[in-house]
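Listed in order, the protein sequences are those of chains A and B. Sequential numbering from 1 applies to the first sequence in the numbering used here. Sequential numbering from 1001 applies to the second sequence in the numbering used here.
None of these hints come from the bench; they were simulated from the model. Given the structure is predicted, the values throughout are model-derived calculations rather than measurements. A virtual CB, placed ideally from N, CA and C, is assigned to each residue, including glycine. Check before you lean on any hint, since a few could be wrong.
Residues of chain A clear of chain B, computed beta-carbon distances all greater than 12 Å [unchecked claim]: (1) 26; (2) 70; (3) 140.
25 Å max Cα-Cα, derived SDA-like pairs, lysine to any residue [as the list claims (entries may be wrong)]: (4) B/1202 <-> B/1147; (5) B/1202 <-> A/118; (6) B/1202 <-> A/106; (7) B/1202 <-> B/1151; (8) A/184 <-> A/21; (9) B/1202 <-> A/67; (10) A/182 <-> A/244; (11) A/224 <-> A/21; (12) B/1202 <-> A/184; (13) A/182 <-> B/1151; (14) A/184 <-> A/110; (15) A/184 <-> A/224; (16) B/1202 <-> A/65; (17) B/1202 <-> A/110.
In case you want the letters, here they are:
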Amino acid sequence: MSMMHASQVSSGIAAAVPPTANLMRWVIVATLPGIATMSYLFGLGVLSNVLLAIIFGLAFEAGVLRLRQRPLRPALNDSSALVTGVLLGVSLPPASPWWLIAVGMMAAIVVGKQLYGGLGHNPFNPAMVGYALLLVSFPTHMTLWSPPQELFPADLGAQIAGTLPTSQLDSMSGATPLDAFKHKGSTVLASEFWATNPLPDGTLSAWRWAALAWLAGGVLLLVKRIISWHIPVAMLGSMLVLATLFYISDPSHFASPMFHLLTGAALFGAFFIATDPVSAASSRRGKLIYGAGIGALVIIIRTFGGYPDAVAFAVLLMNLCVPLLDLYSVPRPTGQQKATPEERRP
Amino acid sequence: MSQWRQLARDGLWFNNPVLVQLLGLCPLLAVSSSVVNALGLAIATLLVMVGASTAISLIRRQVPNAVRLPAFVMVIAAFVTCTELLMAAYAYPLYQVLGIFIPLIVTNCAILGRADAFASRQPVLPAAIDGLMMGLGFGAVLVLLGALRELLGQGTLFSNMSLLFGPGAANWQLTIVDGYQFLFFVLPPGAFFVAGMLIALKNVIDQRGAARARPAAAAPRTDRRVRVTGTIK
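One chain only, chain B, in its complex shape (with noise of 0.2 Å):
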């Protein structure tokens, strides 16, 4: 069971996708400026992931080295494709507000980087887990990123969740702060910033933690800066 544990330990905090290895940040800053965009791109993302990790490891040993890549990807884009025509279908509205970044999962390198450094290498069980849980990390990320631009663009929070969860929905939005708009935030460079904060945060419980969990055998302080956010395994 310990494998499971290391799996979801690492996609959703030690090597999450966003947090650490930097990757899928296109549709992370450009979708997250509420919690229903970020939220629907999470489950889609998520779908992809599980579905494109799962069918890569199946196939694994048929595909010959040189045209793995090629072929991942028409794999993702298979399962991208399955997922906007279900949210077409189910999610309309949303559907059209999230507009040209559900196609453009697809490049999404947080899934091919998978696919290619996991699933592609592992049975079929791990290489699920594995997505379920890189997509679990990307869009806890995501969802958290956007609901901070929320609060702090417009003072709201869950508005507009009727685009998702339909018409029942419509009051489910939580006013904080009345008038109140702040637009850096709600502009692509409120997400870098948004996003640069969170990272700040993931490494400063992280440093928290190791000098709790050792606080005898303290390193020498040294101006080694090679990687900012963590370590990639």
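Chain A on its own, in the form it takes in the complex (with noise of 0.2 Å):
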């Protein structure tokens, strides 16, 4: 735990570290933005994700407990399960059905949380490992993203239910940008795949709209002081540096920077996934390199993977990662010789 605030306490500022349960709520409240702004481009399916993956996670996260015999109230009121349901929620395509989401909230919050024996004992992001679960366990409902809509969408309810068959969902629903940007094919240049507009008239602008809310909620956070930048800054540069890099050896084949930076959850996972406190690198240079190290991943996955995004898998990556950073990267007090790894292992 000290060394998260380590540049509080290097510039000689004992500040009081605040209580996670203040941490957690700040993290949701800067997740509004990005949440109002989706809900009105995508319609309300992107709040029942929230509302729903909130629910279920409080109940796995008190079924637990319970089965731990631990005392209830410490935990639920850290709002981290909370945290977690917003996250995952938002990932989720819009008006998920009840069973998809309860699926990946049993494996965020029961498996990858409280297996290891509950908040700050999880190596994974608790969202992300949920997410990964289902990306891979069901690629059918995970990959049908709903183009923009309006606000109360036609069968939302029989969505969330589950009960609408799967022609019809795939008649109302098509490829995130990242994904049809993916699938263009080999032979058809970027300029000639953009002229044939392969997606249903504002998907840009709305993917646009969401990873600058995201942003906006970031900002938040980053003022409020929950987290500090390097993270961000360190994976959105990698990203920056590695798609430009990518953009200038063949416009035609990679997709541009801003590309990249704007669609899918680039912005999203800077801010929200990969600064996670429990399963981030905690020093400075440790943040840094681990940042880039998700940045690059993200770059390299989306450009050469079978998947078109990939921040939950870059940021599942990087976090085995961050024992090994984590002892390489302790900063060396001033006047001391400089540590082996043995002995700082504590």
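Both chains are sitting in their own frames, so use the hints and assemble them into the complex.
Below is the structure:
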């Protein structure tokens, strides 16, 4: 925990460490612009996802705590299950069926968090554990993003109940911009692809507005000192550099850096997913490497991998590197000998 | 007779190759996506295990200590080759499905582990019984894992049993939930997850049993957590 606030300690100001609940509540406040914008653009299915995910998250958290014979109140009051619910809810395609959300939250809370010992002991970002499990298990449901639509989509209830036949789902939903670009075919030039108007009207601008809303929430987190700038800047910076290199090398096949940053989950992931204080690196140098690694993996998987977006996989892969990063990036106090990794080990 | 009982209890439960020794996980996790695959590999492994344990016990005085591991691997490889040819002859469709994992039984460390730890130091009969019991213990977990993964992944049980038992078994499939698919359990991560849950379940059963055996002499609660999968004898 002490490393998390190294910046405050080293500048000589003994700032009070905000309690977890306070921290989590600011994260939820910061997601509101993103949730509101996405609900406005993609319909209330976004909001129903978030609400259902929160309900399932709290229910699973309470259930596991009961089984583990731990007190309910402190764990439920710290709002971490709430945050996990919000983050998974906005990651899922709008108006996902309830069972999809339930399975995802079960993987996130029960397996991703509580089986490892609860908040603070989970090596992986719980929301992304749930998302990755769903993406691997139910690819048809997870790749159906509805195009921008009115606030109250028809069939919202039937979609959430999961009673809509798949054929009808197919007709109402389309690919995300990243998905469409990925499957344009290697013989089609990027300029030709965009000239065919491959996406329903307003799709690209909707994704851009959503990305900007997440950016606004992220700036709020930075201003309130809930997160430090290192991870988001490193992640977005490495995405920008790598995407620019690819784009300069062959603009007719690789997507532009702006396309990479403003569609998909780049900005959302940089401020809300990668910055999870439990599963992210904790020293400043570690955070920079961690963020840059996520950004590089996102671009590499998006460009060469099998999935259109990659924030979840990139974050999980870098979560795996965090123990090593923390071990090798501990800052050396002035005047002390450089410690070997063995000496640093607690 | 108590020696045989001890061997059986160890192989099937207290020193189970999968749940306690955590050996042979590669084929276990790779091939346990359905009952028929698991059963096929379980039978093949059982044959190799009994044969190799018996043969290694027979030659235990002739093999110099320095080269015993290469010699044991050669013996195991001979039995694997026999098993592979038998499967190609009598269960060719399953042989094709299991593919590389049949020759890979050679590298199953549960077999080499038992050969070195038990068969090379014991007379023929105990070695053969140990091989049989360890093979059964391995196979039982493998089939259970296959059944759970098939059920959770596809909602069926005993699908494609004709691969192993011929055309007569074509209609053995039980469809528990129709049109259900949960790919996580079909894919390798699901195998890790279910295997972990089975180990946890075994530990819970052991703890309950120990608590029932001596309710008064409860050990003080400490934080000792050296091994999480039981004790290896």
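Right, here's what the structure says about each hint:
1. 26: At about 33 Å from chain B, residue 26 of chain A clears the 12 Å cut-off, so the statement holds.
2. 70: 15 Å, holds
3. 140: At roughly 10 Å from the nearest Cβ of chain B, residue 140 of chain A sits no farther out than 12 Å, so the non-interface label is violated.
4. B/1202 <-> B/1147: 17 Å, holds
5. B/1202 <-> A/118: 23 Å, holds
6. B/1202 <-> A/106: 23 Å, holds
7. B/1202 <-> B/1151: 20 Å, holds
8. A/184 <-> A/21: 45 Å, violated
9. B/1202 <-> A/67: Between residue 1202 of chain B and residue 67 of chain A the Cα gap is close to 18 Å, so the pair holds against 25 Å.
10. A/182 <-> A/244: 17 Å, holds
11. A/224 <-> A/21: Holds, at roughly 15 Å.
12. B/1202 <-> A/184: 51 Å, violated
13. A/182 <-> B/1151: Violated, at roughly 34 Å.
14. A/184 <-> A/110: Status violated; Cα separation ~39 Å.
15. A/184 <-> A/224: 42 Å, violated
16. B/1202 <-> A/65: 22 Å, holds
17. B/1202 <-> A/110: Satisfied, since the Cα-Cα distance of roughly 20 Å is no more than 25 Å.
Checked against the numbered hints above, the structure breaks hints 3, 8, 12, 13, 14, 15 and satisfies the rest.
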